[in-house]
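Undergrad: The lines below spell out each chain.
There are 2 protein chains.
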Amino acid sequence: MDERTALGLLGDRLSAAGDDAAVLDGQVVTTDMLHDRTDFPDGTTRYTAGWRAVGASLSDVAAMGADATAAVAVYAAPAFDEAELADFVDGASEVCAAVGAEYVGGDLDHHDEFTVATTALGDADEPVRRSGAEPGDAVCVTGTLGRSGAALRLFDRGGPGDIERANDLFRFEPRVAAGRALAGRATAMMDSSDGLARSLHQLAEASGCGFAVESPLPIDPVVDEVAADADDRLELGAFFGEDFELVCTVPEEALSAVRADVSVELTRIGAVVESGVTIDGESLPDRGYTH
Amino acid sequence: MDERTALGLLGDRLSAAGDDAAVLDGQVVTTDMLHDRTDFPDGTTRYTAGWRAVGASLSDVAAMGADATAAVAVYAAPAFDEAELADFVDGASEVCAAVGAEYVGGDLDHHDEFTVATTALGDADEPVRRSGAEPGDAVCVTGTLGRSGAALRLFDRGGPGDIERANDLFRFEPRVAAGRALAGRATAMMDSSDGLARSLHQLAEASGCGFAVESPLPIDPVVDEVAADADDRLELGAFFGEDFELVCTVPEEALSAVRADVSVELTRIGAVVESGVTIDGESLPDRGYTH
Numbered sequence: 226m227d228e229r230t231a232l233g234l235l236g237d238r239l240s241a242a243g244d245d246a247a248v249l250d251g252q253v254v255t256t257d258m259l260h261d262r263t264d265f266p267d268g269t270t271r272y273t274a275g276w277r278a279v280g281a282s283l284s285d286v287a288a289m290g291a292d293a294t295a296a297v298a299v300y301a302a303p304a305f306d307e308a309e310l311a312d313f314v315d316g317a318s319e320v321c322a323a324v325g326a327e328y329v330g331g332d333l334d335h336h337d338e339f340t341v342a343t344t345a346l347g348d349a350d351e352p353v354r355r356s357g358a359e360p361g362d363a364v365c366v367t368g369t370l371g372r373s374g375a376a377l378r379l380f381d382r383g384g385p386g387d388i389e390r391a392n393d394l395f396r397f398e399p400r401v402a403a404g405r406a407l408a409g410r411a412t413a414m415m416d417s418s419d420g421l422a423r424s425l426h427q428l429a430e431a432s433g434c435g436f437a438v439e440s441p442l443p444i445d446p447v448v449d450e451v452a453a454d455a456d457d458r459l460e461l462g463a464f465f466g467e468d469f470e471l472v473c474t475v476p477e478e479a480l481s482a483v484r485a486d487v488s489v490e491l492t493r494i495g496a497v498v499e500s501g502v503t504i505d506g507e508s509l510p511d512r513g514y515t516h
Numbered sequence: 226m227d228e229r230t231a232l233g234l235l236g237d238r239l240s241a242a243g244d245d246a247a248v249l250d251g252q253v254v255t256t257d258m259l260h261d262r263t264d265f266p267d268g269t270t271r272y273t274a275g276w277r278a279v280g281a282s283l284s285d286v287a288a289m290g291a292d293a294t295a296a297v298a299v300y301a302a303p304a305f306d307e308a309e310l311a312d313f314v315d316g317a318s319e320v321c322a323a324v325g326a327e328y329v330g331g332d333l334d335h336h337d338e339f340t341v342a343t344t345a346l347g348d349a350d351e352p353v354r355r356s357g358a359e360p361g362d363a364v365c366v367t368g369t370l371g372r373s374g375a376a377l378r379l380f381d382r383g384g385p386g387d388i389e390r391a392n393d394l395f396r397f398e399p400r401v402a403a404g405r406a407l408a409g410r411a412t413a414m415m416d417s418s419d420g421l422a423r424s425l426h427q428l429a430e431a432s433g434c435g436f437a438v439e440s441p442l443p444i445d446p447v448v449d450e451v452a453a454d455a456d457d458r459l460e461l462g463a464f465f466g467e468d469f470e471l472v473c474t475v476p477e478e479a480l481s482a483v484r485a486d487v488s489v490e491l492t493r494i495g496a497v498v499e500s501g502v503t504i505d506g507e508s509l510p511d512r513g514y515t516h
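Protein sequences, first through last, are from chains L and D. So for the first sequence, the working numbering puts the first residue at 226; every next one is plus one. So for the second sequence, the working numbering puts the first residue at 226; every next one is plus one.
Take the hints with a grain of salt, since some may be wrong.
What the hints assert, rightly or not - Here chain L is said to cover these stretches of chain D; the calculated rule only asks that three of the stretch's residues, wherever they fall, bring their Cβ under 8 Å from a Cβ of chain L:
1. 283-297
2. 302-315
3. 328-337
4. 362-374
Rather than coming from a laboratory, the hints here were simulated on the basis of the structure. Built from N, CA and C at the ideal position, the CB exists for glycine as well.
Could you put the whole structure together from the sequences, leaning on the hints where they help?
TA: Below is the structure:
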C-alpha cells in the first residue's frame, strides 16, 4: 500500500482527517515527521532543521486559513549535543515568532537517525478546506516556487557559499498571514509541500474539478541558477515540492481585493475548470514529492 | 549530554516547558515519540502500539489535571500494511474514546524503524504542576505499579497466552478522570512513566522537598507471577516505569474527600518531608526508565 492509499484509508476512518490539518471545535491541529535521510541534506544546520521542521507544520496551519498559536517538537537523535540542541530550539522558536506563534517545547528521544516530529496548533474561525473550488474561480499561488529544489542542488554542489545559501532557502516563512487574509474568501486551499502539480491534483480530487494552468509560473530566480534546462526548471518549480507556498482558489471577482490584503505576492496561475489538470493546454502529470 | 541534562536545557530556554505538558492559555499540549526497539517488544500488536503510544501522551495530559480533548499521531514504518495501519488507528481511537477525547488523525512517514510520534491536547482550568508539594502532604499513587515491567517479561517468555496477556497489560487506561478529580486539590502531580522512584525524585526537585515512602507499595499481583525474588519485584514495581499511573501529593486533610471522587484506587504511599527520598527509612535511588 503506498502512502496516498494509506492516507486515504486514514481519511475514511477518521472524520477530522483528510485535509492539511484536522479541525476540532474551531481549532486546527497538524503533525508531521521529518528525518535526516530524506529531509535534511548534508550541510543542513540544526538551526535550519528546527526552523524548517516546525515551519512545515505551521504551513499546514496556514493552509487552513488559521491563526497559528503554538508548536511542539520531538527531537530524536543518536546523541544530544548541547550546541546542536540549542540551535534547533532557536530555529524552532524563531519560525514560531515569525508567524506570531509560541514554541512551547516538546520531548527528546534517542534514535539512530536524526528525526523530528512536529505538531502545530491554530485557531480557525473559518477553516478553508481543499474541497470548495468551483469552475470559474481563479487558481493562485503565494510567493515563488522551486526554492527548496534549488536549495537541494546547492547542498549537493557544496561550492563556496552554497551551503549557507541553501540553508537560507530552506528557512521559508510559513504563509500564516496570507492564509488568514484568504480565510473566508478562498474557496479551497492547501500548501504546496507535495509540489504544485500534485497539490493541484489533490485540490481537483477533493473539489471534484479540474485546473487549466498557464505559464509562466512564478518560479523563483534562484532556480535559473541551478537548472540544467527548461525541463529541469519546470521540474524544480512545479514538481519537486517542499516549497510550503499556498495554492488556493479565489472567485475572480474577489481577486483584486484579496490581493490587496495579502502581503506576499499572490500570482494567478490559471482557472478552475470542470475536469482535467493542464498546463498551457497539455496534461500536467500527477507526480511530485512523496513524503 | 544525557537526556535529563538536555531536557533541563529545554526547560531553561522555554518558559512553557519543564512539566508533563506545556501550558498555554488554559490548554495543555504534550508530545512524545515511541519506537520499535525500545518501546514495542516483539509480539506487540499494532492495535496495542496505537493504544499505548497515544495513551502515553494522554497520560501526560492527565498528569496536568487536564481534560483530554484530542490526539494526533505520526505513523512511520518501512512499509504500510493496510491491516496493521487500520489496527493502529483502531487502538489510537479507542484509547482516546476511553478518556473522552477524539483521535483526529495525523500523518504517515517512511522510516526504517517503526516509530510513532504522538501529541495530545487538553483543557486545563487548574493545571497541576510538579512544583507545589509541601511537607506534610500525603504522597499517593493511582492504580497499581509494575504492569509494564511484567508485560515485558511475558513478551520475553512468549509461552502460551503470554503474548496476549502482555498486550493486555500494555494497554493501560490513561488516568484522565482521576487527574480531573485531583485538579485543584493535588499540590503536585506527574505520571509514573519514568518509574515511581524517578518520578518522586523529579517531584522532589521541582517542589524543593523530599519524600518518606513506606512499603507495601501497590505493586500489581501480576508482578509476583514473573518476579524472581523480592528485589526483582521492587525493581519492576518501583524502578522499571512505563506504568502511566499518577503520582501526586495531596494535603492530608483533603485525602479522604479526594479518594471518594477518584474512581480508581488512590494509595497513600507516604508523606512529603523536607528533603531526601526514602523508602522505609532507606534512600530510594534516583534511577529508572530513561526514554
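Undergrad: If you test the structure against every hint from before, which numbers come out violated?
TA: 4
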